[in-house]
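Work out the full structure: start from the sequences and follow the hints.
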Amino acid sequence: MREPTYYILASLMKGPRHGWGIIREARELSQGRVRLTAGTLYGALDRLQREGLVEEDHEQIVNGRCRRYYRLTSAGRCLLEEEAARLAAAAQVVQERSSAARPSETVEAVS
Amino acid sequence: MRDPILRLCLRAFPAEIRERDGRTIIDLARDLSEEGRLSVLREAGGLVLGGIRARGKNLWLDVAGAPWRPARERLVFPLGVAMLCLMAAFAVSVVQPEFRPVYPGPIPPGRVAWAVLGVAGAVAVVIGAVRGRRRLAVSGSLLLLVLMIVSVLAELVGYAAIWPGSISHVAVDVFVLWLPAAVLLPICALVVGDGSMSRRPGAIPAACVAVAGSAILGLVPAVIPAAWASIPWWSDALGGAFIYVPLLAVAATVVVAAIRRDPVAKTSAALLVGAGCFPIVWLLPMVTIHIMPDSWFTSSLWFLCYAPGVVIVCLVMWALLRRRRMRSPRVA
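Here the protein sequences line up with chains X and Y, keeping their order. Counting the first sequence from 1 gives a position; my numbering is that position plus 42. Counting the second sequence from 1 gives a position; my numbering is that position plus 1.
One or more hints might be untrue.
[Claimed, not checked] Which stretches of chain X does chain Y cover? Using the computed rule of at least three CB atoms under 8 Å from a CB of chain Y, they are:
| hint | stretch |
| --- | --- |
| 1 | 81–87 |
| 2 | 101–112 |
[What the hints assert, rightly or not] Where chain X lies over chain Y, by a calculated footprint (3+ residues, C-beta under 8 Å):
| hint | stretch |
| --- | --- |
| 3 | 21–34 |
| 4 | 40–53 |
Quick caveat, the hints were computed from the structure, so don't treat them as lab data. All C-beta atoms, glycine included, are put in the ideal place defined by N, C-alpha and C.
As structure tokens, this is what we get:
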């Protein structure tokens, strides 16, 4: 799963959001790494809808502008949780090796 | 100024997406473009990029989702008929006393035998397609392919082209132009596979009518150029002897497919356009010769003359393969 997709799905975990909310949330969660535009967000949401990971919730007109809300499906939630577990496992491997390597490095540095 | 730019960029999306989601996308882009000075440009670029991606995805879905297999099966018969027309026309022409090869060089031996084999191969394809005999159709189409390759190679090995026509007084071997169709024919016949070529109802009468009709149709171009020979405008405009036959075949296929709105017919038409594209690609530079300065054709970029023809062929194929998408209604 690509990083923008991951953060788009993650931004919908707390409930339905409209496009602008998704973009802002994804930017905050990724600490500014994922900066989506309207065009690229639409393409991603269209693909995720086809894959059954998100679905449209409702539409609202605010200040004359149309806002469409999307929500995460159960399949999308499962996939996101699996991806998070995979990333956590992958991170743990590196962290364990990193912490195991540190004492010997310290010994070598002292000797 | 912001709205016209965003609206213009939104046009990068396919029409069906614009109709359904255009307002939501543009309103979101407006919201985001209010965040800073450069945000408009960023959103405009994002819209163009997203639109190109959406169009690319649609194109891929159209090409991947086209009914290629039934389209190829359906093409065996019309391609066989077209080949029979061509071979019949050549067989009649070759025995005429006024038949003269345009290119210099020794006269190829066995020209009559070549023509007879060509007619036999095309008849085998037509009968095989009508009666659902796959092996017969494959054998005939492979024979036609070999004959075409021999004709094309004849020029290279010094025998010169055996049936030249002319376009704007430039000689051209008609069989070279038909080579893509000859290549497509055995592919279509072979991929039908496992002997599943469907038998048409009333096979024997249909085969007789198809063979006789194709042979008679093949005689028409042998007569028409002689009648038009005294009218240079028509002769040049239609490309002289025989060159217009594949173009007419392609045009007729496209029109029929468009009228029928049948996905299989449209895919067959796209394949046929691909097979018949060489004349179109080849013809356009013949027109540009009269428009462009001579220096263009002596430069290293002369091959770009073929680009418009390639673009036209690609656009026609895309138009034939394109499908109108029906999407599920939105959740209210």
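Now the hints, each set against the structure:
1. 81–87: Check passed, 5 qualifying residues.
2. 101–112: With 5 residues close enough to chain Y, the hint holds.
3. 21–34: Since 11 is at least three, the answer is holds.
4. 40–53: Check passed, 9 qualifying residues.
Violated hints for the displayed structure: none, as all numbered hints are satisfied.
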